[in-house]
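> Sequence:
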Amino acid sequence: MRFCPYVVVFLAFAVVGSPNAWSGESPDPSKLASAIDAKLAAWWANAHVQPAPIVDDATFLRRASLDLIGRPPTVAEAREFLSAPDPSAEKRAKLLNRLIDSGGHTRHMATFWRRAWVPQADTAEFARLADDFEAWVTLKLRDEAPYDRMVRELLTLDEVTSARPAGVSPGGFFAASEYKPENLAANASRGFLGVNLDCAQCHNHPFARWTREQFWQTAAFFETLKPGEGGKLMPPRLTIPNTEKSFTPAMLDGEAFDWPDSLERGTGRRLLAGWVTAPENPYFARNAVNRLWAQLYGAALVEPIDDLSGEGSLTGDRAELLGTLAEAFVASGYDLKYMTRALTRANAYQLSAAGGEGITSEEQLFARMPVRGLTGEQLYDSFRTAAGLPPERDDVGRGQGREGRKRFAAEFYIERPVAAERSITQALSIMNGRFTTELADPANNPTLAGSSTPHSSMLTRR
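When the letters of the sequence shown are read in order and numbered with mature numbering (1 follows the signal peptide of the UniProt record, and there is no 0), they come out as residues -23 to -1, 1 to 439.
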């Protein structure tokens, strides 16, 4: 007997449909952080797990800087933070606010969300799409646009294009999907809902949550509207390539909807975007929070991160905590900064990574911070910061100096920082590559140029 996907969706909406405990309250990151710590403390007590100790100020500064602005602190930033007379908790809160409100955070998170929504841009075939799309996300984050509005604008392309600077566009999402309805359906459900429809595109799998019919009904929202009698646009009908089967649009949860009397280009996408971003949608807010948690804690609350509709994703301790965070996110008006402040103010974010290598039971309960590799972008910016050079992230779009960074980031790309493995080729590139060779020259390295220590002895461990 195959498990009915409609039952999964019904249960999901039943969970989210319960009263939101955070509604009507002024968003308070500290309160949500305390709720996170209380939940994790209960997990540890039940599992008889001793959490790792809180890290010292220097370690916290480096961690927060890499996570929130994508680079380590400069010498001046480190001195200012470490010498501050404030109590540790107070100056850490001030640091987090400064980093989250900085332009560096906006640009760093633009890369993060681009990678979640348009991962194809990390490949050579679609790399050209990254700049314009990240520039669009950067502007939205800089203006503190609510997360749901960003996604609606991305799916509908309804924003006034004349208001955007040249080289700033969300169109990369459609280009990366080659404008095909089936690709757009798969990428939208994965990126915005954490729902994997890929397997349903070709056939009904006996253990899959979603049917082939549901896949093509979702894809039909992206089909171009065609004129009927009298030239009036009609609701779309999508025919499966190389078959005679066709489908009209339908929501994944089976919810009925009405087409407006007058249709225009993009009507289908607008209807779908409204359902995707609805507060009642069981996946939308959870997906966003789950991805943000994984970015900061090294692992998602619910895995796999691209399939929140899997078995166990809506029940259990992890799902309960994710549901709490999602409710708070919705109640905040989908405020990404609020959620980031809450996740980083939790004591769990400040735990040490000490205690051995590999994924342990303690890490699975977030009782210690996993060791993570640097992304290609973080590695590049770390080299420049160590050399005393300003980060090359002041531009939006195709700015001068970006190409070298992009090439380096592509060469050192890693899919999952928590499981990063480097190659011999990458090691040789760091030893002998053009970028690091140029940085080894004091003429290009203010840190070396300003040091009285012989350069050769600076490379020797003592």
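Hints in this document: simulated from the structure, not taken from any laboratory.
In this text, a Cβ means the ideal position worked out from N, Cα and C, and glycines have one as well.
Any given hint could be a false lead.
Claimed, not checked - Distance condition first, Cα-Cα at most 30 Å in a straight line; then the derived DSS-like pairs of lysine-lysine:
no. : residue 1 : residue 2
1   : K157      : K209
2   : K157      : K203
3   : K383      : K16
4   : K222      : K203
5   : K222      : K68
6   : K157      : K383
7   : K222      : K209
8   : K383      : K314
9   : K71       : K8
10  : K203      : K8
11  : K16       : K71
12  : K68       : K157
13  : K314      : K71
14  : K16       : K68
15  : K71       : K157
To be verified - Here are the in silico distance ranges between beta carbons for each label pair:
no. : residue 1 : residue 2 : range
16  : A53       : E190      : 58 to 68 Å
17  : R39       : E155      : 32 to 42 Å
18  : E415      : D120      : 32 to 42 Å
19  : G350      : R119      : 49 to 59 Å
20  : D235      : A61       : 26 to 36 Å
21  : I401      : G381      : 33 to 43 Å
22  : E130      : S223      : 50 to 60 Å
23  : E190      : L134      : 21 to 31 Å
> Taking the hints in turn, state whether each one holds.
We went through each hint and held it up to the structure:
1. K157 - K209: 23 Å, holds
2. K157 - K203: 16 Å, holds
3. K383 - K16: Not OK: K383 and K16 at ~40 Å, beyond 30 Å, violated.
4. K222 - K203: Given pair K222, K203 holds - Cα atoms ~18 Å apart, limit 30 Å.
5. K222 - K68: At roughly 62 Å apart (the allowed maximum being 30 Å), K68 and K222 break the hint.
6. K157 - K383: Holds: K157 and K383 sit about 27 Å apart, inside 30 Å.
7. K222 - K209: Between K222 and K209 the Cα gap is close to 24 Å, so the pair holds against 30 Å.
8. K383 - K314: 26 Å, holds
9. K71 - K8: 17 Å, holds
10. K203 - K8: Outside the cut-off at roughly 51 Å; violated.
11. K16 - K71: 25 Å, holds
12. K68 - K157: 50 Å, violated
13. K314 - K71: Between K314 and K71 the Cα gap is close to 14 Å, so the pair holds against 30 Å.
14. K16 - K68: 25 Å, holds
15. K71 - K157: Given that 30 Å is the threshold and the Cα spacing comes to 46 Å, the pair is violated.
16. A53 - E190: 58 to 68 Å: Holds, since A53 and E190 (Cβ atoms, about 60 Å apart) stay within the stated range.
17. R39 - E155: 32 to 42 Å: Given a distance of about 41 Å, which is inside 32 to 42 Å, the answer is holds.
18. E415 - D120: 32 to 42 Å: Given about 36 Å between the Cβ atoms, the range holds.
19. G350 - R119: 49 to 59 Å: 28 Å, violated
20. D235 - A61: 26 to 36 Å: 59 Å, violated
21. I401 - G381: 33 to 43 Å: About 22 Å separates the Cβ atoms of I401 and G381, which means 33 to 43 Å is violated.
22. E130 - S223: 50 to 60 Å: 29 Å, violated
23. E190 - L134: 21 to 31 Å: 27 Å, holds
Violation of the numbered hints given earlier is confined to hints 3, 5, 10, 12, 15, 19, 20, 21, 22; the remaining hints are satisfied by the structure.
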